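Residues 35 to 222 (our numbering) make up the sequence shown, in order.
Rather than coming from a laboratory, the hints here were simulated on the basis of the structure. On a predicted model such as this, the values are computed, not experimentally measured, just so you know. Even for Gly, the Cβ is constructed at its ideal location relative to N, Cα and C. Be a bit skeptical, because a hint or two may be false.
Derived lysine-lysine pairs resembling DSS-like cross-links, with alpha carbons at most 30 Å apart [claimed, not checked]:
1) K71 / K207
2) K195 / K71
3) K207 / K123
4) K77 / K207
5) K123 / K71
6) K195 / K77
7) K195 / K180
8) K71 / K183
9) K123 / K186
Okay, the calculated beta carbon distance ranges per label pair [to be verified]:
10) S184 / S68: 17 to 23 Å
11) Q122 / I151: 56 to 62 Å
12) M79 / T53: 37 to 43 Å
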Amino acid sequence: MKKGFSLIEMLVVMAVFMTMMLVVSDIFLSVTISQRKSMVMQKSMVDLQYNMEQIAQQIRLSQIDYSAYHLPINELQDELHLINSQNQKVAFGTETVGCALGIETCLIQSIDDQRSIISADNFDIQSLSFRIAPNEDPLEFDNITKQYKSDKQPQITIYLKALPVAVHEEDQKPLALQTTISSRYYAR
């Protein structure tokens, strides 16, 4: 009997080896793609949460500028108007002009009509809206009824939806954030 491998044995071993290499390569590729998608989403979520916190901080320390709205406020608003502690008019909204390259819509903050872009350049804002409660100014006194218009503390719910701008189209999944913030300003 001859020592060594036959041609059939060598072909079977090569086929098993190649199959195993294909499986390992496919797993490696899948893990790499998943990690890339995860990193894009995580970076975008962190930046989006930072922007949400910027708006929330202004809401907490400011009062709602009810004079900028048609009262009573019964619908979602595209812009948020506040008056900060220095008596400056602060507004938040979206803008399509002046955004970073590849971004169609970005977040803006306006302080006394000086606009600045506050969103990062790695996501495109799809929608931004605000629900303001109560729908009438709780600091306004009604001389006819001898009562304030509302006894509720002002609060704002922010709805923010964004699309991460990624190198690969398949990495783009919309992100949605929502939070409700109460204003600490309630001077009665």
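Verification of the supplied hints:
Only pairs whose Cα atoms come within 30 Å are accepted, and K71 paired with K207 is accepted, the gap being roughly 9 Å. For the proposed pair K195 and K71, the alpha carbon gap of about 18 Å is at most 30 Å, so the pair holds. Of the supplied pair hints, the one linking K207 and K123 is violated, its CA atoms being roughly 35 Å apart against a limit of 30 Å. Restraint check for K77 and K207: satisfied, since their Cα atoms lie roughly 13 Å apart, inside the 30 Å limit.
Our distance criterion of 30 Å between C-alpha atoms is broken by K123 and K71, whose separation comes to about 39 Å. With a C-alpha separation of about 15 Å, the suggested pairing of K195 with K77 holds against the 30 Å cut-off. Taking the CA atoms of K195 and K180, the gap is about 42 Å. The hint is violated against a cut of 30 Å. Between the alpha carbons of K71 and K183 the distance comes to roughly 49 Å, so the proposed pair goes past 30 Å and is violated.
Taking the CA atoms of K123 and K186, the gap is about 23 Å. The hint holds against a cut of 30 Å. Between S184 and S68, the C-beta spacing of about 49 Å breaks the proposed range 17 to 23 Å. Between Q122 and I151 the beta carbons are some 18 Å apart, a value that contradicts the proposed interval 56 to 62 Å. A hinted range of 37 to 43 Å for the beta carbons of M79 and T53 is consistent with their spacing of about 39 Å.
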